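K.L.:
Listed here are the chains, written in short residue letters.
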Amino acid sequence: MRVNPDPSPVRLHVVTGKGGTGKTTVAAALALALAADGGSVLLIETEGRQGIAQVFDTPPLPYEERRVAVARGGGEVKALAIDVEEALLDYLDMFYNLRRAGRALRKMGAIDFATSIAPGLRDVLLTGKIKEAVTRRHDGRRVYDAVVVDAPPTGRITRFLGVTAEMAELAKSGPIKTQSDGVMAVLRSPQTAVHLVTLLEDMPVQETADAITELTKAGLPIGSVVVNMATEPVLPAAEMRRAATGELTGADLAPALTAAHLPAGAAVADALATEVVEHAQRWAAQDSLRNDVESLGRPTVELPLLPGPMDVGCLFELAGRLEEHLRNGEVAA
Amino acid sequence: MSAAQPDAAARPARAPHPPARPAAQAPPMDLDALITDPETRILVCCGAGGVGKTTTSAALALAAAEAGRTVVVLTIDPARRLAQSLGLEELDNEPRRVDVPGVPGELHAMMLDMKRTFDDVVVAHSTPERAEQILANPFYQSLSSSFAGTQEYMAMEKLGQLRATNRWDLIIVDTPPSRSALDFLDAPNRMSRFLDGTMIRLLTAPARAGGRVGLRFASAGFMFFSKIISKILGGQLLRDISAFVAALDTMFGGFRERANATYELLRRPGTWFVVVATPEPDALREASYFVDRLSAEGMPLAGLVVNRTHPPATTALSATRAEGAAEEVLEADGPDAELAAAALRVHSERMVLAAREQHMADRFTSAHPEVAVRTVPAAAGDVHDLDGLRTMGAELTGADADTPTGTPRTRILPARRG
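Taken in order, these protein sequences are the chains called A and B. First residue of the first sequence: 1, per this note's numbering; consecutive thereafter. First residue of the second sequence: 1, per this note's numbering; consecutive thereafter.
Read the hints as simulated data drawn from the structure, not as lab findings. On a predicted model such as this, the values are computed, not experimentally measured, just so you know. Treat the hints with care, since some could be wrong.
[Claimed, not checked] Over the 12 Å line for every Cβ pair with chain B, so calculated as not near, a few chain A residues:
# : residue
1 : G38
2 : G39
3 : V186
4 : E214
5 : S295
6 : P299
7 : R321
8 : N328
[What the hints assert, rightly or not] Beta-carbon label-pair distances, calculated as ranges:
#  : chain 1 : residue 1 : chain 2 : residue 2 : range
9  : A       : R72       : B       : Q161      : 56 to 66 Å
10 : A       : A230      : B       : T127      : 52 to 62 Å
11 : B       : P369      : A       : P309      : 21 to 31 Å
12 : B       : E370      : A       : A185      : 50 to 60 Å
13 : A       : D93       : B       : D385      : 53 to 63 Å
14 : B       : E257      : A       : P60       : 32 to 42 Å
15 : A       : S288      : B       : A401      : 29 to 39 Å
Where a beta carbon is used, it is the ideal one built from N, C-alpha and C, also for glycine.
Just chain B, with the same shape it has in the complex (with noise of 0.2 Å):
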């Protein structure tokens, strides 16, 4: 991209370029119908961090809700005021009923605590004594909160959770906000491989006396490395994995199978994945990158948000048009001329923001034409409470034909003729 080229779809209206052939247009998605059909258990957002997963999934939720259903929303790092109004003051790391008067489903809300939820796996999977001795293990405990991947292993522990207690009929999972929305699908596979690899195996095939990867091992070679590192790391450090993985061990069949467990269950039926995005570079090239491995991995995806959009109260004046208007104004001096000058120039960068935003999802739809495609509006502030929560479900779900103005939710501003 460079600065001296003007964005073609920043153009005004009255000087069209028509494309080769025509754009391809995006389908529209019906998220009304998928989150009302009983066959719909869960639905993940996913998405670079910042893009508003967490206020589209609570959205979605509060709709589902009512809409009817039994429906609980998992969510990872939600804003402080959105979180009060979900209730979510207090981290139990337990759904907990949200008072929504006058809505006929049920609105749980939960907010992941990932210490808890591993201390949790650990004490359900061993006896008293052993969990006691992991729980005080500084190496588990260094893990627990902060090993790179360990949020989104146990979001998706704590979504298995949910699932096999069938108390709900829809869960609406928020995914935490890392860097890459595909660390979703893969942290936690990166994280039993490390736990199960061959690197910790030989390192504590020692605690494990007698082991047999320990006695095939255990040449001069590698007693030199384990040197190196516990030069480097600190003996007492290695010392405490070992104990940590020997712990481990007798305990579960090896995390990689519960990693497995969980990620099967997100391809079974009834699971559908929404991929949020705001119409900036960053942004939906990360969409894109999510969109091709869900395809990849036969994941089904029900579509694209573009949150955070600005479509124009009206098409009907270009945003050149509206800046010479501004001029003619200001010579005319009417009454209120300036108020009116200026209100011509609002919209006139209104024009040109929404079509630079235009511009960008008619970029990933061209490279993924099969997307169904949902726009929602930018609200005046933050979303932080049920009318909020309510205002975007509305713009989520509603018809994509019903809007001011005529142009379909799919789209920011109306399809160029030719």
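One chain only, chain A, in its complex shape (with noise of 0.2 Å):
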């Protein structure tokens, strides 16, 4: 229909991980980084957590979009968290001019009643809502030029983008499933990128792994691994391996501190040194989860630790690791 201008065809971006490992934050930087350089960007939130309020330091997000960033070349990040009843009397209102009724169901408490009451129309609502923003246009232009989604957790992720299959076993008529066909295809197409966000630790490098399978056999595709929280080497290389298998004591840095004049006691130099040894055997320990992660064989990016609490400043510096990540142009699978 349309020729394609952009090197990377991906538009929808869903960031995913284990929670804990930073997923929103991580969501946030890679919208300032495809806003940078005059991009439109939305930012999506799923889980009403109010997580994207928080690491842009504003006030709750109403459901609608708004503008919470502004990058270089006036490039620009609306955020929105989707409010899922919000989304349904919309979605009744669209469908059926319903909004009337709607308000007076959701009076009743029955709103609450059916998007409890079938696990799936939540999230059927949220990827429909996530669909019509990628897609929509204004005097024939797309709105943005990509949308990011700050998605539900790596456990959760297969079957909230895989809403067709578990609608078709529930629902099994009803426009709901008509809808959710039109979102798979979205969602299965080349303009969509799943990343998943892990730290060097056993457990989200293991679901990392796991989402990977499971995404891959449900035909959604993957984009990049991001290790969140990356900590640099303070020992040089050689130390480093000798000092993880604790072979390192007081001894070995005594003569040094003696040297400087240091009044550093016998105590002080055997707790050094357990220190290091401590410190090159969590080294060595995230090491091999590194390995692990590149046998992931996933384009993969490191976003360092950065000291003190998280705020805008940070993101940004973020999101200079992933601009230079998309440019070298391996988010796309």
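Once you've looked at the hints, go ahead and assemble the two chains, each given alone in its own frame, into the complex.
P.N.:
Spelled out as structure tokens, the structure:
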């Protein structure tokens, strides 16, 4: 229908990760990176926890698209926290002209009921809204250059994106089914990429591997693996290896400390050695997980652990790293 | 929080900021006494997802078995390697004895299979034909495997079952990895309210022909509502729900009663809660909510475990002094100067990190001065074998003052003087 001038066809970036890996932060930084040089980006929150408002340090987001950051070259990031009830009302309005009846239902608690009765209904509404934003046009032009989704965690991501299968089981007829088929067409296309955020820890890496298997089986396109909160080695490589085996004692450090006339006794030297050994062992454990991440065979980017509390300045720093990763054209599958 | 303002607690010890009044000191937590006390029958480990509830539960269970008790640990979602080390490779929803050589007590472990637990409840409380009907119902299948709260509800159900057998003198429960620690207490009730609720009764009224509720409410308005719901969800789903609820209705006196019974179990004497958090703002905020909730419900709190802390091996050298010393060592260029300078930088980073963690813990304690605290240092890698659990158990149950640096285990850094 339209010739795509972009080098990368990906317009919908779905960011998932195990709880605690910092996926909201990564999603926010990715939105900033995509907005650099004049892009218009929508960042969507799906879990109703106002995490985006927190990272951008703004008041809680209403159910409307609101600008949360400006990027270089006139780019902007808008954010939207989807309220499932409101989305259902929109839906009733759009398909059945039933907005007023919908409000009455809401008073009865029926909307809440309907979204709990069919867990998939929630996901259908969320993914429906996402698809709408990705495909929205104004005067023939796309409204957003990219849409970034702070998605549910890895354990739930395949089910979240693969609503069609579930709804087909549950609701064999009805317009919900028709709607979810349209959504799947977008989610399974090359304009979508699911990125997985992990830490260099056992569980997150394992869950990332599991999610990749599940997503692949469900025919959903996988993007990059983002290793978050990575630390830098403090020791030279050879010493690091030696320390990791535990063969480092206070006696190894004492001469240098004495030469600098430090009033450090043997006890302090021993304590320093203990800390170095722990540091090296932790590093070694992380490094072996780094190999596991590499063997997943996906484009990988590491984001550093930043000192101090997370603020908008930190986001721009992380966005810089992601921009570089994007420029290398490694995001798409 | 703004980044321009440096973390008060992370400032070097040389320029201390004396607090206006002495900061509250958390009382020590004696988990050893708690798990060895024969009066303690249930221990529930709660906290936000990803803080180490499962390893804490398993480590406490092993420690209790080593103290001679017959203990079972109910885990929800253990890491694969930890599960393997506990012999939990197959999911059979029944406790299995873990072979730990030389242990005077017994350690049993199980992993919750929520679908299976739900199926068992259905089978146990209905006739075979009825059970078959329910198990085959598509709505039941979706409810039992994906309804938000099923896992919490089934964890409580399983706990009730384990307690009823009286086979173990201590049950340690790990709670589901929900976003909020409160979900464990709230979800069972939410689910029973849902199944017992007016809305579901209204919707399913036609299935229970002649039901009083159905007659009274079958007004034009309601018919309209019912039509919309079936329009959105599809008629088949509604019929499935009707059939399911009708089948349940005759089966047992309502889900609510059952949920209430398990909830009450948590308030009985002999039940204790251990709240687990990492020294991070989100996890401690969750812990804080949970502590408030427990006290409102009259449920006994053993204390807070601050997991994965990074106490330095010495506190004699502050972060700034270590940083300065690293430069001096490089200038003096003695033997292995680079290595020694790196060691000093490692120490400096560690002091800064520990100060931040202590600051977080202090904030919790100033809001909850009565809550006992135990800090547990992070292991170098993940805990995934019995040795790792034993080490963690020692950190959890060791005497408060018994540390290499003499810093009490309630803290990460020594309390400031003044």
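K.L.:
Which hints, by number, does the structure contradict?
P.N.:
none
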